[in-house]
Amino acid sequence: MSTTMSESGIAVRQRARRMVLLQRTLGQVALYLLVAAVSVLFLFPWLWLISTSLKSPEQIIAVPPQLLPNPVMWINYYYGVTFVDFPRYMLNTLIIATSVMLARIVSCTLVAYALSIVDWPGRPILFALVLATMMLPGQVTLIPLFIIYSRLGWVNTFLPLTLPALFGDAFFIFLMRQFFVTIPRDLVDAARMDGASHFDIYLRVVMPLARPALATLVAFTFIWTYNDFMGPLIYLKDRDLWTLSLGMQGFTQRYGAGGTALGAMMAAATLYTLPMIVLFLAAQQTFIRGIVTTGLK
Amino acid sequence: MATSVEASPILRRPRWSKRAQREFIAGLLFSAPWLIGLVVFIAYPMITTLYYSLTRYEIPLEPRWIGWKNYVDLFTGDRFFPKVLYNSAFLTFIGIPAQLVFALLCALLLNLKVRGQVIWRTIYILPTLMPPVALALLWRWILNPELGLVNNALKAIGITGPLWFASPLWSKPSIIIMQMWAVGAMTIIYLAALQGVPQELYEAAEIDGASTTQQFWSITLPLISPVTLFQLITGVIWSLQFFTEAYIIGGAGTSPGAPEGSLLFYGLYLYVQAFQYLNMGYAAAMAWILFAITALVTWLLLRVSRRWTSYDLV
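Chains as they are written, first to last, in my numbering: chain C, 1 to 297; chain E, 1 to 314.
Take these hints with a grain of salt, some might be off.
Stated by the list, open to error - Which stretches of chain C does chain E cover? Using the computed rule of at least three CB atoms under 8 Å from a CB of chain E, they are: (1) 72-82; (2) 85-97; (3) 208-220; (4) 238-249.
Unchecked claim - Derived contacts from chain C toward chain E, CB cut-off under 10 Å, selection only: (5) 111; (6) 170; (7) 186; (8) 254; (9) 288.
Said to hold, decoys possible - Chain E stretches covered by chain C per the calculated footprint, using a threshold of three residues with CB under 8 Å from any CB of chain C: (10) 48-61; (11) 125-137; (12) 237-245; (13) 266-272; (14) 276-285.
No wet-lab data here; the hints were simulated from the structure. On a predicted model such as this, the values are computed, not experimentally measured, just so you know. C-beta: ideal position from N, C-alpha, C; glycine also.
Excised from the complex, chain C in its bound form (with noise of 0.2 Å):
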């Protein structure tokens, strides 16, 4: 087939454009076949875990391993929240949980504030050991603690998980502090002038803007404590005083790790992790700047 010059030139041109175009949605293509690809890695161990919770004692050691439910065993999530005393072990957790966000909303920002708006000369040494503190292995406080609560009697009590929350802690207080440093000097120094006293100020200018930084604080507190698993497993003995977190482990010690007793575990295991997830979703812009922020999980 014959063509002229320019008819030739137009074609080839039509081409190399098609051929980018083809290779710019290939590239696309497996792009999204790839992010899917990890996707999937993700997901998978939750379908196994919301699969196993709904399955037959009979189905969870069929080899090999069936991914949908048959018969879907609705009632292991009964099993789950009474072969263990679940709801007293989440209203426990939530009791230490509530008391240390408490604390710390309180103790964290007016510390905070001592480190920010308070113009005085302790403040940079405050302020280095605070800084100081914050990478301070727990174990390294852990015994001393542990003997003093034992000789007040307080071992098997919420207090040793509550109470040090009335004191700060180095983490928060930084976190706070970075925020309120941020907060305009002349909103500081219009209610000085104005005849504000600092504790006015704390609880008038400062607090109410410091709404965004107070929310990661609440919801990383709750995080953290809801996980706690050390604390806990020291300090309560008692059954009845357990958290989530020792109830879990107490599945295993009570039942086993395997066998007839796994539906249920899987299902307790999925609504001890549920409120983490809807904590998540209905703050997600408050759980990414937070762990953007801070630093941690």
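Since chain C is already given, all that's left is putting chain E on it; use the hints.
Here is chain E on its own, set in the frame of chain C:
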């Protein structure tokens, strides 16, 4: 207008003006909670731990001074201690870099122009939200040698899977795999860092004819290096204290950190010594060594990183 007190140089006292005094008192009052906390919950227990570490202290007996013996015993007489150090070093030097690399790869993937980023990001971050106890229980089941998901999937393609948590050789890699699933927080931090890299730099590099790979090595990686350093330090601190999953999977009973002590990490061994053998003096010595190692590693990382971390480019 009335003359203000501040304006008159004669009336202003050299250092401690009324205002400065007020500020000082306010500073003390506002920081009082933590000042008390510092003494009661940090300084006193730290010093006491140091004292206990030099005693034989098996509660409820009283502590008895034995000098450096606990430290000497740990390094010369304890057949578990070298293994404990090895286990924790394994988790630190292999686990943390593996997590960092994987997190960075995930973040790079999410940072490409993919539609529906919020959904993908949520999927990647969800595992981070699982409480450690639930995480350990779930993965022990997923990696169950006969009935687990992974080994059956491997069997389907003709591979006999290892015993995972039940094998002394595979138990630590299994822990690392489990942690890599929950790498979402690190990924989000990296993603934020990647989005903070100025777009002009890439455009300029593009004009100079730099390939995507070259751009990654000479723009992206150096610019996010402070974040890498930060994550490395927090990761190392976390891994040295690693406890919950090790306790759930390895156990703390008669053969702690099973199988064969391969999951006996530093945090777990310290717990076993303190709260099962009630060897408070010995555990106190371990706590101070942990503190020293943490401080040393952090200092080393900060020092060495001066060579590869750049703060000026941003």
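Checked hints:
no. : hint    : result
1   : 72-82   : violated (count 0)
2   : 85-97   : violated (count 0)
3   : 208-220 : violated (count 0)
4   : 238-249 : holds (count 4)
5   : 111     : holds (4 Å)
6   : 170     : holds (8 Å)
7   : 186     : violated (18 Å)
8   : 254     : violated (13 Å)
9   : 288     : holds (6 Å)
10  : 48-61   : holds (count 4)
11  : 125-137 : holds (count 11)
12  : 237-245 : holds (count 5)
13  : 266-272 : holds (count 3)
14  : 276-285 : holds (count 3)
In this structure, the earlier hints numbered 1, 2, 3, 7, 8 are contradicted, and the remaining ones agree with it.
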